[in-house]
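Participant: Here the protein sequences line up with chains A and B, keeping their order. Its first residue numbered 11, the first sequence is counted upward by one per residue in my numbering. Its first residue numbered 6, the second sequence is counted upward by one per residue in my numbering.
Hints listed in this document are in silico derivations from the structure and should not be mistaken for laboratory results.
Short derived list, chain B residues pointing at chain A, Cβ under 10 Å: (1) P110; (2) P162; (3) E164; (4) Y181; (5) M197; (6) Q198; (7) T202; (8) D214.
In silico EDC-like links for lysine to aspartate or glutamate, alpha-carbon gap of 16 Å or less: (9) B:K209 with A:D227; (10) B:K169 with B:E187; (11) B:K159 with B:E212; (12) B:K69 with B:E92; (13) A:K257 with A:D218; (14) B:K109 with B:E94; (15) A:K216 with A:E255; (16) B:K209 with A:D225; (17) B:K159 with A:E350; (18) B:K93 with A:E196; (19) B:K159 with B:E148; (20) B:K109 with A:E210; (21) B:K210 with A:E350; (22) B:K210 with B:E156; (23) A:K342 with A:E196; (24) A:K287 with A:D324; (25) B:K69 with B:D41; (26) A:K287 with A:E335.
Beta carbons are placed, not taken as given, at the ideal position from N, Cα and C, and that holds for glycine.
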Amino acid sequence: MKTFIFPYRHYVIALMFLSVTAIISILFGDVLGLINIALLYLLPVLVIALRGDMKATTVVTVVTVITFDLLNVPPQFSFSVHDLVHALSFILFFVVGYTITYQAKRIEANAIREMFLDTLSHDLKTPLSSLLGNISMLLKDHPIDPQMRRSMLLQINDSGQRINRLVLNLLDSARLKNRSGLLRLEWCDFEDIIGVALQEFRYHPKQDQITVRIDPDTGLFWGDCALLVRLMVNLMDNALKYTDEGKRIQITVTGDNSAITLLFFNESAPIKKSDLKNLFERFYRIDDGADVGGNGIGLSICRDIAAIHGGTIDARNCTDGVCFEIRLPIRKASNHPMREAL
Amino acid sequence: MRVHELVLIIEDDESISQMLSLSLRQQGYRTLVAMDMQSAHRTFRANRPDLILLDLGLPDGDGKTMIRTIRSETAVPIIVISARHVEKEVIASLDAGADDYVFKPFSLDELAARIRSAQRRFLGLQPSVNVIVCGDITLDIAEHSLRKNSEYLKLTPTEYNLLKYFMLHLNQVLPYTRILKEVWGVGYQHEMQYLRTYINSLRKKIETDAARPGYIRTEMGIGYRFICDTTTP
Numbered sequence: 011m012k013t014f015i016f017p018y019r020h021y022v023i024a025l026m027f028l029s030v031t032a033i034i035s036i037l038f039g040d041v042l043g044l045i046n047i048a049l050l051y052l053l054p055v056l057v058i059a060l061r062g063d064m065k066a067t068t069v070v071t072v073v074t075v076i077t078f079d080l081l082n083v084p085p086q087f088s089f090s091v092h093d094l095v096h097a098l099s100f101i102l103f104f105v106v107g108y109t110i111t112y113q114a115k116r117i118e119a120n121a122i123r124e125m126f127l128d129t130l131s132h133d134l135k136t137p138l139s140s141l142l143g144n145i146s147m148l149l150k151d152h153p154i155d156p157q158m159r160r161s162m163l164l165q166i167n168d169s170g171q172r173i174n175r176l177v178l179n180l181l182d183s184a185r186l187k188n189r190s191g192l193l194r195l196e197w198c199d200f201e202d203i204i205g206v207a208l209q210e211f212r213y214h215p216k217q218d219q220i221t222v223r224i225d226p227d228t229g230l231f232w233g234d235c236a237l238l239v240r241l242m243v244n245l246m247d248n249a250l251k252y253t254d255e256g257k258r259i260q261i262t263v264t265g266d267n268s269a270i271t272l273l274f275f276n277e278s279a280p281i282k283k284s285d286l287k288n289l290f291e292r293f294y295r296i297d298d299g300a301d302v303g304g305n306g307i308g309l310s311i312c313r314d315i316a317a318i319h320g321g322t323i324d325a326r327n328c329t330d331g332v333c334f335e336i337r338l339p340i341r342k343a344s345n346h347p348m349r350e351a352l
Numbered sequence: 006m007r008v009h010e011l012v013l014i015i016e017d018d019e020s021i022s023q024m025l026s027l028s029l030r031q032q033g034y035r036t037l038v039a040m041d042m043q044s045a046h047r048t049f050r051a052n053r054p055d056l057i058l059l060d061l062g063l064p065d066g067d068g069k070t071m072i073r074t075i076r077s078e079t080a081v082p083i084i085v086i087s088a089r090h091v092e093k094e095v096i097a098s099l100d101a102g103a104d105d106y107v108f109k110p111f112s113l114d115e116l117a118a119r120i121r122s123a124q125r126r127f128l129g130l131q132p133s134v135n136v137i138v139c140g141d142i143t144l145d146i147a148e149h150s151l152r153k154n155s156e157y158l159k160l161t162p163t164e165y166n167l168l169k170y171f172m173l174h175l176n177q178v179l180p181y182t183r184i185l186k187e188v189w190g191v192g193y194q195h196e197m198q199y200l201r202t203y204i205n206s207l208r209k210k211i212e213t214d215a216a217r218p219g220y221i222r223t224e225m226g227i228g229y230r231f232i233c234d235t236t237t238p
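If we strip away everything but chain B, and leave its shape as in the complex, we get (with noise of 0.2 Å):
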C-alpha cells in the first residue's frame, strides 16, 4: 500500500474536520479539508486525492451532485458521512456511487475500518478466488459447499446465493434493493419479505447467537453488511 495517501475531507463544521484530520495523520494520511462544495471542487481538481469523506449536509448543495461528478472523472473512493433519520439521502448517495457511509455521531475506529475496508476494494484487493475464509465459516465457491468451523452446514440454494454475495463483498454496505436485485433478479427489488426471512434463516444457521450477529451486520433501513474481521489488519 501507498504510504501518506491523501484524503479530502468535506465538512463544513470545524470541530469536526479537525478531529478527523488529527486521527486520520495519526494513521499515517494526509490531509486536506474543503468547507464546501465549491472548494472541494477546486481541491479536488488540483490535488486528486486518494479517498473522500463527504459530509452529506453542506451548506452549498447537493452531495449528490458531487459524488456524481467525481465518479464521471474517477473510481476514487468515497465515504459519506450523514446524520441520522436521513437513511433515504444515504441510500441515495450510494446509488450515486458512494462506497460506504457512517451516521453521526460516528466512532473513530469504524471510520477508520471503513476507509481500510474501501481502498482495499479501490485497490482490487478484495478475494476473488475460489475460497473464502472469514472467522470460523469458509465458503468454497468452486465445490458449492459451506463450512462452520470443520462441520459442513447445508444451505437451501436461495441460502447459498445469498451467503455467496454477501461474501464476495465482505464489509460493503449493501443496500436492500441491490440485494434483492443482485440475489433474487430484477422485479424483485421491493420483496423485503423474501430478504427478512432468508437474513433470519441464514442466520440462525451461521451466527453463533442470532440475537448478537457476528456476521451479518443490519444496517438500520439501509440494508445489510457482512463482517470479515479477519481481513482487517
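Just chain A, with the same shape it has in the complex (with noise of 0.2 Å):
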C-alpha cells in the first residue's frame, strides 16, 4: 500500500491545504471576504505547482477551481456563475499553476545539470590527474626505478580505462534517454555478453576472483547485447570495487520461459538500508569516506538498461556479502535450431 501510495504523495499534501482552506472558507468566509478567499485557495495550487508536474498541477487546481465555485462564488452550492468576473479568476488559477510549474521545472533541470556538471568533472578530473601526474613525473629526466616505473605505467593504464568507461556510459546514457527509438535489438547469449564483459577487465588484478555460473538451459535472449554487455561491465566494475583481494565475486545466470535471472554475488561488508535504496539514483554515492572511484553513473545506467528490456534490478545483503539481481522478462521466445545428431 505504502509504495502504491507513495508516487502521488505530492497529490495528496497539495488535496490536504485544500481540505483545510475550504474549512477556514466556510467558518470564516463572511469576515474574510471572497478576495482573501481566493488567494487562500491559491495555497494548494501553489503547492503542487512547485513540483514541476504538469499533470498534477492541472488536476489539483481543477479540483480546486470546482471546490472554489461550489463553496464560495456566489450563488454557493452550485457550479453557476453569475459574474463574468469570477470566470476570470478561475482562469488566473491555471495561468498562476502553470507558471510556476514551468518555473520549478526549470530550476529542477538547471539542478540536475549541476548535479551531471559536478560529477562529470570529479570523475573526469580525478583519473585525469592521476593521467597527467604520473606522465610529468615519467618525463622528468630523473631515474626512475623499474618497479616504480611500472606502477606509474599500470596507474596510467587504469586511469585511460576509467575515462574510457566513463566516456561509452555516458554515450549509452544519451541513447537510453531517446528511449526505444535507438535500441539494437537481437539475439544475445548471455554466455556470450559475460565473456564479452569479462574481456573488459582481463588485467585487471582481481578479475581471477569471479566465477561464472550459467544454467545450460537458459535460452537466448531479445534484446540490446550491447546495451547488456554494458549493465554486465558495470556490474562487474561494482563488483570488484567493493570486493577485497582474496573474496568471491560469483555471477550466476538461470533462464525459464518466463525471464532470466542474473545473481551478482560479492563477498563484502553490508550495505545500510538507507543506501541500498538509493543505490540506482542517479549520481547517488555511498558516502563512507573510502572513495572508491564510484561515479554514481554505472549503477543507474544498470537501473535503465534493465528497465529498457522491461525488467528490473534491485540489491539487497545477502549471506556473507551483497546480491543484485536483474530479471529480465521474456518477452520474445526463442525457437531453438533443431539440436542435431553427432
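Using the hints, put the two standalone chains together into the complex.
Facilitator: Written out as C-alpha cells, the structure is:
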C-alpha cells in the first residue's frame, strides 16, 4: 500500500491543503471576504505547482477551482457563475499554476545539470590528474627505478580505462534517454555477453576472483546486446571495487520460459538499508569516506538498461555479502534451432 | 618478409597519427601520413604503400568510397580505425573490402597483431594445409576430425563446418552475415539465432572456460574472430 501511495504523495499533500482552505473558507468566509478566500485557494495550487509536474498541476487546479466555485462563489453550492469576473479568476488560477510549474521545471533541470557537471568533472578530473601527474613524473629526467616506473604505468593504464568506461557510459546513457528509438535488438547469448564484459577486465588484478555459472537451459534473449554488455561491465566494475583481495565474486545466470535472472554476488560487508534504496539513483554514491572511484552513473545506467528491457534490478544484503539481482522478462521466445545428432 | 614495408596512415588527428607513426617506425616499418582523403589518394598513387590504416572519421568524405577505389586498383591490406557506436559503418567498410578494424581507443599491441595478421594473409601465408593446429586443438580436414590435446572431440556437422570455416580464416574478423552465408548458405544471412546457438555449443566443446573464451572471440555488433596465437611470431 505504501509503495502505491508513494508516487502520489504530492497530490495528497496538495489536497490536504485544499481541505483545510475549504474548511477555513466555510467557517470564516463572511469575515475574510471573497478576495482573501481566493488567495487562500491559491495555496494548494502553489504547493502542487512547485513539483514541476504539469499533469499534477492541472488535476489539483481543476479540483481547487471546482471547490472554490461550489463553496464560495455566489451562488454557493452550485456550478453556475453569475459574475463573469469570477470566471476570469478561475482562469488566473491556471495561469499561476502553470507559470510556477514551468519555472519549477526549469530550476530542477538546472539542478540536475549542475549535479551532472559536478559528478562528471569529478570523475573526469580524478583519473585525468592521475594520468597527467604520472606522465609528468615519467617525463622528468630523474632516474626512476623500474618497479616504480611500472606501477606508474599501471596507474596510467587504469586511469585511461576509467575515463574510457565513463565515456562509454555517458554515450549509452544518451542512447537510453532517446528511449527505444535507438535500441538495437537482436538475439543475445548471456554466456557471450559475460565473456565480452570479462574481456574488459582481463588485466584487472582481481578478475580471477570472478566465477561464472550459467544454467545450460538459459535460452537466447531478445535484447540490445551492447547495452547488456554495459550492464554486466558496470556490475562487474562495482563488484570488483567493493570486494577485497581474495574474496569471491559469483555471477549466476538462470532462465526459464518467463524470464532470465542474473545474480551478482560479491563477498563484502553489508550495505546500509538507506543506501540500498538509493543505490540506483543517478549520482548517488555511498558516503563512507573511502572513495573507491565510483561515479554514481554506473548503477543508474544498470537500472535504465534493465528497465528498457522491461526488467528490474534490485540490491540486497545476503549471506556473507551483497546480491544484485536483475530479472529480464522474456518478451520474444527463441525457437531453438533443431538439435543436430553427432 | 620484406623489410621496411611502407604503411600509409590516413588520419586527421595529429596526436594519433604521430603515435601510430612512432610505434610503427619502432617496429621497422616506414610510414607516410595523409590528413584527408584527397591527399591520401595522391600519396597512395605516388607511393604504392604495403598497408593502409584508414580512420573512418575523416572530414572530407566517406571512407568506404576510398576503400572501394583502392580495392579496384590493388589488394593491399586495409585496416579501418573507427570510433565505437558506429558498428554499421565498420561492417560496411568490411563489405567494401577492408581487411580488419580497430575501435578507438585501441591498444598498439592489438593493432600490431592485426597488421601482422593482415600482412600474412596478403602474402598468402595462411594455412592451406589439411591439418591446422591452434593452441591445444588440431583440426584435420582430410580426416574430418578434431582433437583437443590428444583427445578426439565429437562435433555435429554444423559445428564442424563452423569450426572449419573459422580455422581457415584465423585471426580474421568475420561478420555475422558472412559466417551465416558461408556456413549455412545463402538465405540464412539473418538467422542470428542459429549462429549464437552453435557458437555457444562449439565453445562448450573447444574452450577451457566458455565464459572466458580463448579461441572464439566475440566482436560486439560485428561478428566473431578465431584467435590463434601460435601464428603470431
